Amino acid sequence: AQSVTQLGSHVSVSEGALVLLRCNYSSSVPPYLFWYVQYPNQGLQLLLKYTTGATLVKGINGFEAEFKKSETSFHLTKPSAHMSDAAEYFCAVTRSQGNLIFGKGTKLSVKP
Amino acid sequence: NAGVTQTPKFRILKIGQSMTLQCAQDMNHNYMYWYRQDPGMGLKLIYYSVGAGITDKGEVPNGYNVSRSTTEDFPLRLELAAPSQTSVYFCASTGSPRTEAFFGQGTRLTVV
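These protein sequence lines map, in sequence, to chains A and B.
Take the first sequence: its letters are residues 1 to 112, numbered as in this note's numbering.
Take the second sequence: its letters are residues 113 to 224, numbered as in this note's numbering.
Isolated chain B, as found in the complex (with noise of 0.2 Å):
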């Protein structure tokens, strides 16, 4: 079982630049998550999904954006990278809030 996929695992970009982190699930999962986690702040999420074609915004939602067009792939967009937006990124899936919610490994971003 792959369980939750997340590429790349590292990636460097320039102020300005674009992208989207994949993230993939096999599980048949209806509930996905964002997060980011900075040193000492925890993991603050950034988007959420209930299913395929329903996308909520978590606590700290600006400067990116998501997508839920098949159950197994839920994509984060970030536009107009800052540095702020340096940190490592986690995707995550549940069958429903009374599971247990499955992580990736993890991207580490960095925008300098």
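Chain A with its partners taken away, still in its complex shape (with noise of 0.2 Å):
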């Protein structure tokens, strides 16, 4: 079965420091990996994916992940963090099949 376990459930940065997200999953297959985030009161939008090919994508706003076989991880970062990326981060993992697997998410702060 698939699953993900995302490490740290709150994280904190200050402004311009890295972030850093971690992401591990769980496929008895070659997974498709995403990083989805959510702001108040919204519904969550696309941030970066992978599927086939290069294992370092980038996405949206700066971000960018590693999908590393070997540690069944995908890591989320950005090398600055901006007071607009606070948000709610979640990794998750499908197959051919398509169901749709989520981590139980990671709410990044902000500071000035």
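Among the clues, some could well be false.
Here are a few chain B residues that sit away from chain A, every Cβ distance over 12 Å (derived from the structure) [as the list claims (entries may be wrong)]:
#1 G115
#2 P120
#3 I127
#4 N140
#5 N142
#6 Q149
#7 G154
#8 D185
#9 A194
#10 V200
#11 V223
25 Å max Cα-Cα, derived DSS-like pairs, lysine-lysine [to be verified]:
#12 B:K121 <-> A:K107
#13 A:K104 <-> B:K121
#14 A:K49 <-> A:K69
Don't read these hints as lab results, they were simulated from the structure.
All values derive from a computational prediction rather than experimental measurement.
Glycine is no exception: its CB is placed at the ideal position from the N, C-alpha and C atoms.
Could you use the hints to bring the two separately framed chains together as a complex?
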């Protein structure tokens, strides 16, 4: 069965600091991996995805993530945090059948 | 483009009542999903569909039913509402598991 583990339900960084949000997945076959962001009282929107090919993927708003098969990880990073990055971030995994499974989410706070 | 439209946005139900949460998408997507989101628990998959006439259970299907008679619509039925069904419900759709899932704005349901 597929599963996603996000380490840290709440991460706090200072403005301008590195953002690192951790995601590990469990899947018996090569997965498709996603990061979504949710702003308060809104639905989710896609930040970036990995399906095949290059393992370092770039997304919107300066975020990127690296697929590491040996570590079953797909951590999300951003070199310099902005106040507008404060939101909840979700890692998700799916396979060809299409049942999209999410982690529990990580709330990112950005301090001025 | 409307994208994914959920109705209603808010609803209060009494214990034992029934209701249908509506979800419609205008992107001709085959894959549609229903999730519930509870604080600190992330999004849990209730049901999903890979095309008209095909539905399958997710992680937390008990107390819910779905149907998919058309590509556009994927209603979620709650029978005999219980306080444990108080949650925010999200509908999503995608053209394939490799691509971005689009989310509705959510339905906030309270069962009292």
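Hints not upheld, ascending by number: Those not satisfied are hints 1, 5, 6, 7, 10.
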